[in-house]
Every structure is written in structure tokens, then in C-alpha cells.
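Take the two lone chains, each set in its own frame, and fit them into one complex as the hints suggest.
Residue numbers (the numbering used here), protein chains in the order written: chain L, 543 to 980; chain V, 69 to 549.
Heads up, some of the hints might be wrong.
[Said to hold, decoys possible] Heads up, simulated DSBU-like pairs for lysine-lysine below, C-alpha to C-alpha not over 35 angstroms straight-line: (1) L:K915 <-> V:K503; (2) V:K467 <-> L:K874; (3) V:K503 <-> L:K883; (4) V:K493 <-> V:K137; (5) L:K740 <-> L:K966; (6) V:K132 <-> L:K683; (7) V:K389 <-> L:K874; (8) L:K590 <-> V:K493; (9) L:K550 <-> V:K137; (10) L:K590 <-> V:K448; (11) V:K493 <-> L:K883; (12) V:K420 <-> V:K522; (13) L:K891 <-> V:K414; (14) V:K538 <-> V:K503; (15) L:K669 <-> L:K883; (16) L:K571 <-> L:K601; (17) L:K601 <-> L:K683; (18) L:K915 <-> L:K740; (19) V:K266 <-> V:K423; (20) L:K664 <-> L:K550.
For the record, the hints were derived by calculation from the structure and aren't laboratory data.
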Amino acid sequence: MVDVNHFKDRFKQLQSASPDGQIARIRLKGFDTFSKTGLPAPRNEEWKYTSISGLFNDKEYHFAADDGQPVFTRSDLDAIRLPGHQGANELVFVNGWFMPMLSAIRSPDDQLTVLPLEDAAKGIYKKQIKEHLGQSSRYIKDGIHALNTSFIYGGVFIHVAKRRELQYPVYLYHLSDAREHHTLCQPRSLIYMEEGSKMQLVETFKTIGTSDSFTNQVMEIVVNNNALIEYYKIQNDAANASQVSTTHIRQIGRGYAHAVTITLNGGIIRNNMNLILEAAGNEAHLYGLYMLKGHTHADNHTLVDNREPGCLSNQLYKGIVDDNATGVFNGKIMVQPQAQKTNAYQSNKNILLSDNAGINTKPQLEIFADDVKCSHGCTVGQLDETALFYLRTRGIPIENARAMLLEAFTEDILDQVKPKLLRKHVKQLIREHLSIKK
Amino acid sequence: MKEELNTLEQTVLNDYKYGFVTDIDTDIVPKGINETLIRLIWAKKNEPDWMLDWRLKAYTQWQKMEEPKWPNVTYPAINYQDIIYYAAPKQKGQLKGLDELDPELRRTFEKLGISLDEQKRLSGVAVDVVMDSVSVATSFKKQLSEIGVIFCSMSEAIQQHPELVKKYLGSVVPMTDNYFAALNAAVFTDGSFCFIPKSVRCPMELSTYFRINAENSGQFERTLIIAEDDSYVSYLEGCTAPMRDENQLHAAVVELVALSKAEIKYSTVQNWYPGDKEGHGGIYNFVTKRGICIGEHSKISWTQVETGSAITWKYPSVILKGDGSIGEFYSIALTNNHQQADTGTKMIHLGKNTKSRIVSKGISAGYSNNSYRGLVRAGKGATNARNYSQCDSLLLGDKCGANTFPYIEVKNTTAVVEHEATTSKIGEDQLFYCKQRGIDTETAVALIVNGFAKEVMNQLPMEFAVEAQKLLAINLEGSVG
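One chain only, chain V, in its complex shape (with noise of 0.2 angstroms):
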């Protein structure tokens, strides 16, 4: 109770305390997206040949597909042109080890408190940081490739592991999956990969930090993470943003390959900078996540905490195409002040014996609207699939909107689906029992609103816990009386 409460005195200083600029050399391209560009991008990084084809493969399709219009979100038109599509801190030649990067980019991921220094090395995450279009810094690298668990930047995968990452980039999500997508592959600058190879179990948390800092950039990062029979990881990921009055463009892709009873926990604490009270400035999330259960009896799960951005578009989504594979689905979205999100995911499920689960968590206050979207489908072969869906809205104030969309398809008379979803508002009894016990209207709020969302925090690992309930108090922070 008194860590909230001082989280709460906290942010009465200090709204969205990631919100500093690092001031920082940074190498940037004109703005505005074409071959040129996409060219530029391939040559900077030094890629292969077939990287440039992919790319411009990728872009040819993006100039014939239109922008999604089905999500529940309203922003004004983005202009494509008008975006920074590479921006990169300057580093002096190839980093020999952590002590000789930027001091000044160090400081930065102090004040976020995030190791790279292995000074932490308690802590026990392996961490992978990617500032603006670039990963800077990677840390416990050698413990890991000891074991042979590959953890670096994908420009570093391509160079290094070009077979890999030929094999599986583009084979969760394909370059034409979606506007976003396509977008992404065409002009993605970096992101993490990670490879856990045959029946290792990753004995530390991995993670990657993405952090926008330059003024009009758009952040286009491409995540790959394979793992061989028999092996696990777990993942994190977290993301903030300095506050700056235009909106910038987030468009990431996530890939997850899950091999025979593999499995793959991945955990997102979203924290993107929301946009002022009026509803100026903040990053538009326009996201996508999938991963492939191919063998049998693998698993892979999504946790996150959505509490940043101003639009957050985005479904975790698994394909269930392993014999007896699992797919969870867990998610708090909180919306405030002008905030939107349209979130939720996608199980399809295609093989024997699939199950899983999705637990969704929406809480809505200000003008904010917050949207559950999700797909069930069980496909003919999905004999004895299996799913549980439950989605529960809460609304505080109302001025705000909460809204369910989950499609269910069915095409096999084995499978079993059920979905339930409830809205309401806090219980006055609820909140009244609190106060009568001298707890305050806005930390009694708190309270509740945690325990509303502890079924989600609970599958978050505990590095993340702490800082995921800190958050949503942090965000909840003026939203009630």
C-alpha cells in the first residue's frame, strides 16, 4: 500500500516521467519514403543482396495496399512522406565492449533504469537496446552464446547468421500480411533476433528496450525469436518515448517460431508516450505480433500491458498448427485521458488437440476508448480444440467507451469454444468499504483496479510486475472525481 501510494505522490510531479530528450549525435536520413531510401538503408546496414530484394519486394506491395480502416480508432491521415525513416546514434566504429559506449547514451538508459552495465548482473536479464532505428548496446552476450542461445540485433543476425534469418523472417508474418507489416519490411531498421537452440532451457530473461529519441522518426523494428524442439525462453519487452507535441509512427513486427515442444513466453509492458490531456502528440502503435506453434505439444505465450500510446493497434496472435500445442493470450489495456486502442489476438487453431486461452483485462477512464478485438477460429483438422475466452471491461467515468468484438469460427464439431464477457463500472460498495477503512477515494481506485488485473500480472515475470502496477496506478492518476 505505501509503495502506491508514493507512486501516486510521484506522478503528481511528474506525468509521464520518460519523457526527457537525450541530447545525442544522431545520423539522419531526409525525410520521406522511396527506393532511394529503401537502397540507402540496405547499404548503410551492409546487408546481403537478398535483403535489398526483399525490401523493395516488400515496398512494391505497400504502394498497392490501403490503410486498415476496420479499427475502432479515429486519427487524422498519416503522411508517409513526412516521416524520418532511419535515424541512428553515432557510435565511433565497432563497440569492443559495453565501457566505450556514448556516455551520455548510457546516462539515458540509467534514468530508465535499465542494466547495461553488468554491474546488475544480479538482476539476471540479458538486455538488447534499441535507440530510434538501432540496437546500441547488447549485454551478457558471451554467457549466453556459451550455451548457444544466439541474443543479438538483427543487422548483427544478418550478417552473422544469414541462413537463420533467411529461413524464418517473413515466414510468421508475411510482408503482405497487413499495411503495417508491408511497411515494416520495406524500410525495418533493426530489432532483436534470438535463437534458443535444441533443448536448452535460456537460464535468463531476455529483453529488449526500445526507446524513440529523435524528433519526426518513425520506429520500425522486426523482432525474430526461434526456438528448437524441446527448449524456452522467456522474453521481455518494454518501450517509452520522449513527449514531443506530433505523433509518431510505431510500426513493429514480432515474429515467433515455436519448434516441438518448444515454448516462448513473451512479455510486453507498453509504455509509449500517450499524448498530452488534450489528446496532442503521442505514438501511434500500429503493430504486429504472431507466432507458429509448428511442432507438436509447443507453446507460446503473450503477456501484456498496454498503458502507453495514443493509438495502440495491435493483436498478439497465435497459429496453432502443432498436435497438442497452447496458445495464452493475457492482457491489461488501460486508455486514458485521449487515449484509443483496438487490441486483442487472434488463435487459429489448425492442429489436433490445440488449446488456449485468452484472458483480456480493458480498463477505460477520460475520453479514452478501449477496444477488445479478437478471433477464435477452429479449422476442420482442429479435432478436440480447445478455448476459454474472457474479456472484462471496466469504466471509470463516462466519458469514455469500452467496446467487445470477438469473432468465433467454428468448423469442427469437436471443438469446444466459450467466450464471456462482462462490463461494468467500480462497485460504490466497493469503494465505499475502502474508505470507511481510511483509504482514500483515488488509492482505494488503485486497489481495485490491481486486483481487476491481477489474473494478467500474475503471468507477467516479476521484473515486470512491479513496474506494471506501478504503471497502471501512474496512469490512472486523475481519472477519478
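Just chain L, same shape as in the assembly (with noise of 0.2 angstroms):
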């Protein structure tokens, strides 16, 4: 079990180091949940299938903030850096905290600001840092991302200015020291579109070292009128780090967004991909596709919240599932009394490959407006024998037959990769994932 006094005192220093302020109260609001929560256990609905207490039994994280300065040069960063950096912002956080000093702004001052939260929560942009960040708790209630919120600290506000459209993507790298201790590391990240914006984001994540990370994150993106966002999570770390990642997007304008979330490595993954949609006529389409092998265990939970008329959604989750992998899929789509004229689609298809595997998934839909238009269908099933046969008729042999039609089965995700150099990234990936020759 957590010891909830072992973070009592982190915070307690944190508080009294930076007592001042709009952070330091949402701070105190998030270690309140958290103290009389705890840490999700599989008893609560939404953590039914994924248990996280068990990566805390007798481990101590090292925090962020025991360490000071960070012990990693640019060096360390080319291996992880994705095809393309060299025409793209690039930020960087380690063990959680953001480091201006590792990271490359390339886009002009006119069309990308990335300043430090305390930073920004002092200067012109005071009034964004106080009304949207924190907002992803109230959809939120569970102790894991409280623990995110206690600790908000280092984090980063990128904001993307009116009508400008980012000509360089953003990527943002979170590398995690875990080369000497147990780190935990809980990046922290308030991302504003104004008006009419336009920008890329790209995300990965890296774990230096044997020991074990748990990196906690959580990611708010408040997007406005014909703003258009395009985010993608590629989640390919070891066996030993683990993960909770919150992305919370808020459409608060007649907006547009574009998610796609890529996992295929690591410890345990929880994703929370929360779609709101604040505004008439939204649009948005989240994808994913998680591909698992040997312990790893991706729970992708999606929610969709239709709170005003004729927005538009559609998610498609992709999963294969091997070895002792489990896969889960959560899909919550809501409608509420006013939304009326909704159309909100979701499909969620899975491959398991071995016995040992398991595939959970719960699409559920929540709907309070008769005018609407939601469907919702999942499978769970094997590779066609028809098709297989196929193949093999024609001197293919098994393996690689299988392979090509799992390759056939992630391409319709892979092709919602609009960037061209990061697509064929990870399609490499994938293609490595299942063992295909170049």
C-alpha cells in the first residue's frame, strides 16, 4: 500500500518552496483528493482491470525534485530523437520537470511561446494559467492524477498564437533517469490554441537505465474556435517503465482535433484520452493502436463528452495482443440532455495471439438526447485462416504470411500518422515490432 505520509512531506517542501499563487492552491486542492483517495485500487469501475498499486509494494521513487539538475547531456537525447528534429521545436523533459537548457524553440516568438507554468502563471498569460489549468480533475477524480496535480511543478504552457499556423511540429521528449534508483517522474503541461492556430505535437517517452520509472502525466489542451490540433503519443519504452498518461483536450471553440496513440513497449500503460467537447459543431477522431508483447500492459481508456449540438467524433482502436500481454479498451462516449444532433462512432477491433494473453474492452455509451446518432462495435477474434491460406498456396511461409496480414491490420491507424517522416518511423517500428525484414 501507498504510504500517503511519504508524499506528505514532499509536498509539505514543495509548498513552503513555492507557496505563492494560482499553482500552489490547485496543488493543495489535487494532495486533498489525493490524501483521501489513495491510489486507485481494481475496485473502483474505471481501474477494474489495471492495477498500479503494485508497482509502489516496496519501492521507493526517487522524486524530481531530489535531484536538482538533471544529469543528462544533448548527447543522451540523439537516442531517442525522432526522424525530423532538425525542422521542429523541440522540448524536453527530464524526470518530469521541463528543461529549457535541452530544448530547441525554432518556431518564431510571433507563433510558439513555451515558457515555464510558474513563469507563465506570473506574466500575460495569468489569465489562461487560471482558467484552464486544473480543469482535467473534474472529469478526473481518482488518486493517481490528484498525485500529478499535488505536484505540479516545472511544468510547461505552450501557446500557439492566433491564427498563426506552426510550420515546425513540436516534440516533446520525456526522459526518465532510472540508471541509479527508482525514479517517478510527473510531467505537467498546459497547451492553449487560440483562434484559428494550427500545430502538430508529437510525443515520446524514454527510460535511461535498469531500474524502474513510473512517469505520471498529465497534458491539457484547450482548444479554440477553428483551431485545429494534431497530437501523437508513439509509446515505445522497456520493460521497466510504466506509465499513467492523461491527455485532456478541451474544445472550447468550433474546433478540430487529431489524435493518435502508438504504444508497443513498456511496464504498465494506463491512457486517458479525454475528448471535451465544449462548443457546436466540434469535430474530432481519436486512433489507436497498441501491439503487445512478453509482461507489457496498455489500458487505453477514451472518453467523449458531448456537451453542445451536432459535434462530431469517431475513435478506432486497433489492438494485437501476445505472449502474456493484456490489452484493455475503455470507450466512453456521453451525450448530454442539450447535445442533440450528436453523431459519435467508435470501433474497437482486437487480434489475440496467444493463450496467455488477455483482451478486455468495454465500450459503453451514456446517452441523454434522443436526436443523436451513436454506434458503437468491437471485436475480438484471429487472423482469417482464409486468408492465411492463402498466402501459403503461394510459398509464403507461415510466419511471414502472419506477419503481413498484421501489418495489414495496423495500416488503416498508421495511415492517420499525417506526418510524412514520422510515419514511416513508425512503421518501422511496427514493422520491427513483428519482426519483418527491411
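Put into C-alpha cells, the structure is as follows:
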């Protein structure tokens, strides 16, 4: 069981080090929730299939705050740099802290502003911080989310200016230092997209070292009228790296969101993808692909809350689960009474490759308006025998035939990765995962 | 069409036509639950000692348990000490024949349209009637016993076939299964018992009719059906209650056991009093129903039409243990006014080549809330398990809600599980088409709803299909416009 007191001391230290302002108040509220609820247990319906309490058994995690300055250099970064980084804004987090020293902003000032959260809260973005930081707590009330909120420090605020389309994508690298001890990282970010702005955001994670790392991330994205966000999350870390990754997108104006989550390797992974459609006529597309091997456990939770009329949302999540891995999908669509003319679709397709693997899926609809079109579908199955047979009759060995069909299965998600270089990179990762040679 | 029009006209005058109270002498025990009460029920029913142990054990467990909070329903806390746990129409000694039945009681069931008299022999349905806490009459007993079918009240079965009851009671729904099942195990008063011997195809539909009459009482019945190798039975269940302002609790348990190649078809038309338009009164229907396909190639099929009750909380389930066994679930759940329903099924695939099919149709109107909650689990040994689920919801009005919570857990690589769900409203074009042809809105809605529910209706035995169709129309009355 997790000792709340262990966190309490840290929390007090942090509060006394930076006691002032809006962020300290949000932290206090977060810690209040955390001490009441503790870490989520399986009896919590939202955590029925994923247990993270085991990660904290007999294990003490080092806080980012323990370490002071990071121990990585720019050359350590090269190992995880994504293709196209020369033409991208690179933001680096180490152990959950934003590191301006390692980061590189390439877009001009009048397009993109990147500030530590604390600085943003004091300056001209005070209003945005006040109104939008911590809004995800309204939807996610569990202890692990509150734990992140309790320790908001060293996060980042990203602002995209009015009617500016970023030429360079924003790459976010999360590095965890697990070389000497187990590390707990709690990155926090708030992204504010002004009216008519456009951004591509790519996020990836890397643990360095053989001890365990646990990343508990919260990212809040606010999308205004006519703004467009493309968001890509690529999870391909080592088996000693576990994470809870929350992305909370609020479309407060009539905007457009496109999110793709690719999960390949890791320990226990939980993704919360929330999409709150707060203005009429919003459009959003969520895609996910999880290809799990070994003992990886990946849990994708999506929530689409239709709050205003005429919104369109579409979700497609696909999974291939092998070895002793477990795949979980929980998709919730809510339609509030005033959200008439909602169109909401959801689909989850799974292939189970091993008898020791498991798939738990729970698509959920909660609908309180009558003039809507909502549907969900999900399947769990295997590769098509006739397709396999077809390939084998043409002399393709069964292993290759299988890999071909699996690769084809992933194709429609891959197609949703729009930046060309990134798509090529992800395709390569998928092929490696399926042991396909170049 | 004409038939439906008539039904609608009727219902304008009479919303819930089964809402009368029968004035009859009733044997009632004081309110409240405690050990003394359980001993009292045990003594009244003249049961063997092992039943007392069983009941007390369940009661001890029940006290340790908590009422489930996860269903998507809200209701004020139930005071379990304010319920009458035993109420029985008074009878003078053992009945020799149905002629000796209290005329008042007989009239009650005539009003409800149930053939206690064997004059309706042609309808060919054997009925067991349960009023409040006890079974009052069972028809066609003799004919059935000639071919070896045992169809009697639970109390009678405990007396006369203790070996069967002892073997199977609680084998499908253990006494500690859930809060309401434990309560039922402690205080259950009667119910139906049915045993179909080897290689017998039951020649008529068996049916139980439940009626709550006494005020403040709860009904806790327990039904057990056992189908031996190669046998077949079709079983119907119906229920009604008077209109009262208070909420009454109905916590039943139904257990089905199908041995090798046996088939059980269980149909329910549930029409408990749903409460008035403002949501006062009505029955809390908290029921545990479960069947187990123990033998190879056995089959259990649940069909339900849920139109009544203030709150429905039930998940007729099938455990598919025998290789090649089949489970089916067909459901229509209609909620209107302030009704709440959280219903669905569980299909637990354990054996090889097991198949299951789920078709659920939810219709919500008024201020009601209708949820489908289902689980499909394919265990490690469930090679080639196959499931197909379909849940459709129809929303009539913008004050009601429709939710689906399907859980799918797969542990076997050869299992194939499919689920699909849709939510929509009645199409303007469909309504327009009907109206253009001179059919008024209300009739058109009834027509479309019946079409929506047809797939499930087709599964009902003929005797029920007509009743169920009328019920749908009645319950939708006033929900349009």
C-alpha cells in the first residue's frame, strides 16, 4: 500500500518552497483529493482491469525534486530523437521537469511561446493558467491524477498565437533517469491554441537505466475556434517503464482535434484520452494502436463528452496482443441532454495471438439526448484462416504470411499519422515489432 | 392494426389494469428480519433441519454484505426492517382439488387471465400460481407426473423431493453470490420447482404466475428448474402487483440446470407495477437469474420482456460449462415515466465450442433511464468460443437516457467475440411515411417500436407474444408528442 505520509513530506517541502499563487492553490486541492482517495484500486470501476498499486509495493521512487539539476547532455538525447527533429521545436523533460537548456524552439516568437508554468502564471498568460490549468480534475477524480496535480512544478505552458499555423511540429521528449534508483516523473503541461491556430504535437518517452521508472503525466490542451491540433503519442519504452498518461483535450470553440496513440512496448501503461466537446459543431478523431508482447499491459481509456449540439466524433482503436500481455480498451461516449444532433462512432478491434494473453474491452455509451446517432462496435478474434491459406498456397512461409496480415491490420491507424517522416518511423517500429526485415 | 388501436383505447381509461387489490384473508408475520423470523418461516413451511442451517448461514452472510452500488440506478435506501417477509393467503387445510380454492382468489386470477380452471385445457399451459409468499395452486399436475415431470411449488418439492432440492439448490446461484441472492436464500418462502427426467420432452408450456397482493410485503421466491439428459422444457413467467404508493421489494432467484443435450427455454414477461407518472410507488425488481449448461451440447435460452417495475436490476446469465453448449439472451426493456432499468446478461464461456448470442433492445421514454450491462467472458479453456452481441437503444424524447456497458474479456486465442450497439431515435421519415398513410402518430410509434422489437418477440412462445406486444403499446401510451 502506498504511504500517503511519504508524499506528504514532499508536498509540504514543495508548498513551502513555492507557496504563492494560483498553482499552489491547485496543488493543495490535488493533495487533498489524493490523501482522501489514495491510489486507485481495482474496485474502482475505472481501474477494474489495471492495477498500479503493485508498482509501489516495497519500492521507493525518487522524486524529480531530489535530483536538482539533470544528468543528461544533449548527446544523450540523440538516442531518442525522432526523425525530422532538425525542423522541429524540441522540448525536453527530464524526470518530469521541463529543461529549457536542452530544448530548442525553432518557431518564431510571434507564433509559439514556451514558458515554464510558474513563469506563465505570473506574466501575460495569467488568465489562461487561471482558467484552464487543472480543469481535467473535473473529469478524473482518482488518486493518481490528483498525485500529479499535487506536485505541479517544473511543467510547461505552450501557447500558439492567433491565426498562426506552426510550420515546425513540436516534439516532446520525456526522459527518465533510472540508472541508480527508481524514478517517479510527473510531467505537467498546458497547451493553449488560440483562434485559428494550428499545431502538430508529437510526444515520446524514454527511460535510461535498468531501475524502474513510473511516469504520471497530465497534459491539458485547450482548443479555440477554428484551431486545429494534431497529436501523436508514441510509447515504445522498456519493460521497466510504466506510465499513466492523461491527455485532456477541451474544444471550447468550434475546432478540430486529431489524436493518434501508438503503444508498442513498456511495463504497465494506462492512457486516458479525454475529449470534451464544449462548443457546437466540434469535430474530433481519435485513433489508437496497441501491439503488445512480453508482459506489457496497456489500458486505453477514452472519453468523449458531447456537451453541445452537432458535434462529430470518431474513434478507432486496434490491438494485437501476444505472449503474456494484456490489452484493455474502455471507451466512453457521453451525450448530454442539450447535445442534440450528435454523431459519435466508436470501434475497437482486437487480435489475440496467445492463450496467455488477454483482452478486456468495454465500449460504453451514456446518452441523454434523443436526436443522435451513436454506435459502437468491438471485436476480438484471430487472423483470417482463408487469407493465411491463400498466402501459403503462394509459397509464403506461415510466419511471413502472419506478419503480412498483421501489418495490414495496423495500416489504417498508421495512415492517420500524417507527418510523412513520422509515419515512416512508426511503420519501421511496427515492422521491427513484427520481426519483419527491411 | 385494429387490435393495437383497441389496446390503446383501453389504456387511455386504464393505465395499469392489474392494479387492483384482492380482499382476502392473509396470514402475515410481523415486519422485520431477524433469526426468529427465519425460524418462523422454516417452521411455517415445515421444512427439514438442513434447510434451517442453510437459511441461517445465508442470513449470517447477508449481514456481512453490502448493498451493491454499481448499478446505474438511484433509489432511497431500503429499510429491510420495514418489510413483511411472509404473507400467505389463508387456506383451510390441504387442497384436494382446484375446486376447493378460495373463490375470491380464483376470481383474482380470472381477472388476470390465468387458467386455474382446467376448462382452458386447450390452451395447454400448466400454471403454478404464487401469491405473495406462497404457491396457491398448480394445474395439470397429474398429467405431468404420468410422464415423470415434477412441477410443483418449492415448498412441496422440499417436502417430497428433498434429495433433488438438496443437490441443486444454490448450485448455480450460491447463497453468497450477491446481496439480494443472500437475502433471498435466508427468507425465500416459495417458488416453483420443475424437474424434467431423462429423454422427456415436456408436452406443454410450464408457467409460473407471481402476484404481490399484501401491503408492505416483499416477495422472495426461488425457482429451480432441472432438465436431465436429452430433455426439453419451455417455461414462462409472468408477474403483476397492485398499485400502491410505497415501493415494494421483489428479490427472486432463478436457477436453471441443463444436463447433457438438454434444452431449457425460459421466458419472462415482467409487468410489476411501475409506479405512477410522477415516479411514486412501484416495485423494486432485484432479481438474480442464472443457468448452467453442465452437460455437453446443452442449451439455455432466456427471453425477457421487461416493461414494469420502478427499478429493474437483473442479469439472466448462462455459464457455458459443457462442450458445445449454447446460451442465448433475448431482451426487450421498455422504460417510461420515471422507471429505471439496469439489465443485461452474462455469458461465461468455459467449455470448448461454446456459443452464445445476445440480442438486447432498449426503449426509453419519458424521464426514464435504461441501461444495458453485459459481460462476455471466454476463459482459457474455451477453445473456439463464439459470441455475437447486439444492443440497440431507441430514445423517445429528450428527457430519458440510454446507456450501454458491455464488458468483454477474452483469454483464448481461438475465441471470436463481436459486439455492436447503436442508439438512435425514431426516424422522422418513418413517422412521416406512416402519417402520410393516415396512421396517427401514436399508432405509428407503436408500429415502429414493435418492428424494432420484433427480433426478440419472435423468440417468445405464442401465448406470450400477443400479451407482450400489447404491453409495449400500453407502456408507451402518452410518451409521444
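How the hints compare with the structure:
1. L:K915 <-> V:K503: holds (23 angstroms)
2. V:K467 <-> L:K874: Cα-Cα ~20 angstroms, so holds.
3. V:K503 <-> L:K883: holds (23 angstroms)
4. V:K493 <-> V:K137: holds (30 angstroms)
5. L:K740 <-> L:K966: holds (22 angstroms)
6. V:K132 <-> L:K683: This hinted pair holds, its Cα atoms lying about 29 angstroms apart.
7. V:K389 <-> L:K874: It holds: about 32 angstroms lies between the C-alpha atoms, which stays within 35 angstroms.
8. L:K590 <-> V:K493: holds (32 angstroms)
9. L:K550 <-> V:K137: holds (31 angstroms)
10. L:K590 <-> V:K448: Judged against 35 angstroms, a Cα distance of about 20 angstroms means the pair holds.
11. V:K493 <-> L:K883: Holds - the C-alpha atoms of L:K883 and V:K493 are around 11 angstroms apart, at most 35 angstroms.
12. V:K420 <-> V:K522: Holds, at about 31 angstroms.
13. L:K891 <-> V:K414: Answer holds: L:K891 to V:K414 is near 21 angstroms, not above 35 angstroms.
14. V:K538 <-> V:K503: holds (21 angstroms)
15. L:K669 <-> L:K883: holds (33 angstroms)
16. L:K571 <-> L:K601: holds (26 angstroms)
17. L:K601 <-> L:K683: OK: L:K601 and L:K683 at ~25 angstroms, within 35 angstroms.
18. L:K915 <-> L:K740: holds (29 angstroms)
19. V:K266 <-> V:K423: Roughly 24 angstroms between the alpha carbons, so the hint for V:K266 and V:K423 holds.
20. L:K664 <-> L:K550: holds (26 angstroms)
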